[in-house]
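S.K.: Work out the full structure: start from the sequences and follow the hints.
Number of protein chains: 2
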Amino acid sequence: MSPIIIAHLGPTGTYAETAALAYGKSIGAEFELIPYNTIAQAIEAVAQQAADLAVVPVENSIEGSVTMTLDALWRIDGLQIQQALVLPIEHQLISIAQNLAEIQTVYSHPQAFSQCQEWLGKHLPQAQRVPANSTAEILPQLADLSTAAGISSPSAAALYNLPILAADIGDRLENRTRFWVLGHQPAITGSHTSLALSLSANVPGALLAVLAKFAAAQINLSRIESRPTKRSLGEYLFFMDLEADGYDPQVTKILAEITDSVEKIKLFGSYCIADFEAD
Amino acid sequence: MSPIIIAHLGPTGTYAETAALAYGKSIGAEFELIPYNTIAQAIEAVAQQAADLAVVPVENSIEGSVTMTLDALWRIDGLQIQQALVLPIEHQLISIAQNLAEIQTVYSHPQAFSQCQEWLGKHLPQAQRVPANSTAEILPQLADLSTAAGISSPSAAALYNLPILAADIGDRLENRTRFWVLGHQPAITGSHTSLALSLSANVPGALLAVLAKFAAAQINLSRIESRPTKRSLGEYLFFMDLEADGYDPQVTKILAEITDSVEKIKLFGSYCIADFEAD
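Chains as they are written, first to last, in my numbering: chain Z, 1 to 279; chain W, 1001 to 1279.
To be clear, the hints were calculated from the coordinates, so they are not data collected in a lab.
Warning: the hint list may mix true and false statements.
DSSO-like mimics (lysine-lysine), calculated; alpha carbons at most 30 Å apart, straight line [unchecked claim]: (1) Lys1266(W) - Lys122(Z); (2) Lys253(Z) - Lys1213(W); (3) Lys213(Z) - Lys1264(W); (4) Lys1213(W) - Lys213(Z); (5) Lys1253(W) - Lys213(Z).
M.R.: Written as structure tokens, this is what we have:
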């Protein structure tokens, strides 16, 4: 049997890779991780059968939705969520410098800068912050840069054999990211169901009608997130996570009922949520 | 009289500066623009009385909410929206190169990259994309870089006396950004009212109750946007734009009624929306 191919945002050392690895280990089959330059490319790879699964970030407890993931899921057809997994984010300052005073430049993803801004403001106020496409992008060069640092995970530091100059520099203890595992398997049964819809009528009344139906059936929405339709300023789609199985007769009944009031609806499937501990 | 100080995201040449300039010209008084390194710093400057006003982006028709602005408004007290203004975004490829084949590197803000990704994929597939803190950040160096390009506005190209190598490279015609002008003046009367709230109970029922009240009073919500509370994954605040004056008795009645079911509510004031044409 050929291994299961899992696509993720690269390069090696990203949090997405840690999540993909944790998921791969949990499935009890041979697997191979393939890094992609962007989240959208990782999702496209599954849609185009170049990979079996993609593990992509959906939302972080501090920075909120990963809009690139939501936009790609609305645009690309045929993918279903196989599972959700939650990973703790533990930012480390990685550098070969001997002490903080030597650091002139810090490289990382903009989200990592936001999540460490208090620490950076206090300990490295003068250092230049250079944004990168991922937390891991700078790591291959750090062994040669004595006045630079990166912000990345403990496993990334280990992977590149780089020292951690300051540990756990995130501003808040509760920093967790939720990932979705996307694949081609049809919707399985699970505790959560995700969907997105655009409304044919004006937002307020039509959205309220949809929400009211779920509320009347005692179905909790654990999340509602708006995204622009990209057609006109002020026109939105809505991503919703239901605390219910998509095969629940109440859910299927409501989905049938709202068909007329939505312009387009996409069901991303039902799934369970796994909590993974970072290594 | 001393000029009115208007803070915005810098350096000179950003779209935020164009918006701040358009607003300054509209007020009929002497004004001075002060650039800041981040949106949050521009907002802080007003809160700390170092500036009279800040002009900050709120939402783009393609990329959606500017989360840094929303998060800063929730965190920083005492500011009111004086006006909203909408600016068309017209991305230009700016470079001293003679033709596209010479371009090896493109520098811009990640949002500008997303908004031009089709054009870049077609015309500059091999060029490296380097993210910057603003669309204007690279402009002061471009006169000396013969194989590099920036993506910025027509007025930024003029300001730095740089040639436009390719005009209007954005993927969609409808690319507009809404800005808010923030200041200390108490809430004025206006067609729109913005607020944000966190809910004391679980999201679904409590949010629905708030939305239902506005719907029953025939008050349209033109936008609802969730942001994480940053306390725990799955806990949200909601930003709402009402199509109503905050002094409307129906609005004040509803706001009084929902006080008990919300944990915290912040009113950002009532204001009018101005459409500005880019120069």
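S.K.: Could you run down the list of hints and mark each one as holding or not?
M.R.: Going down the list of hints, with the structure as the test:
| no. | hint | result |
| --- | --- | --- |
| 1 | Lys1266(W) - Lys122(Z) | holds, 29 Å |
| 2 | Lys253(Z) - Lys1213(W) | holds, 26 Å |
| 3 | Lys213(Z) - Lys1264(W) | holds, 27 Å |
| 4 | Lys1213(W) - Lys213(Z) | holds, 16 Å |
| 5 | Lys1253(W) - Lys213(Z) | holds, 26 Å |
Violation of the numbered hints given earlier is absent; every hint is satisfied by the structure.
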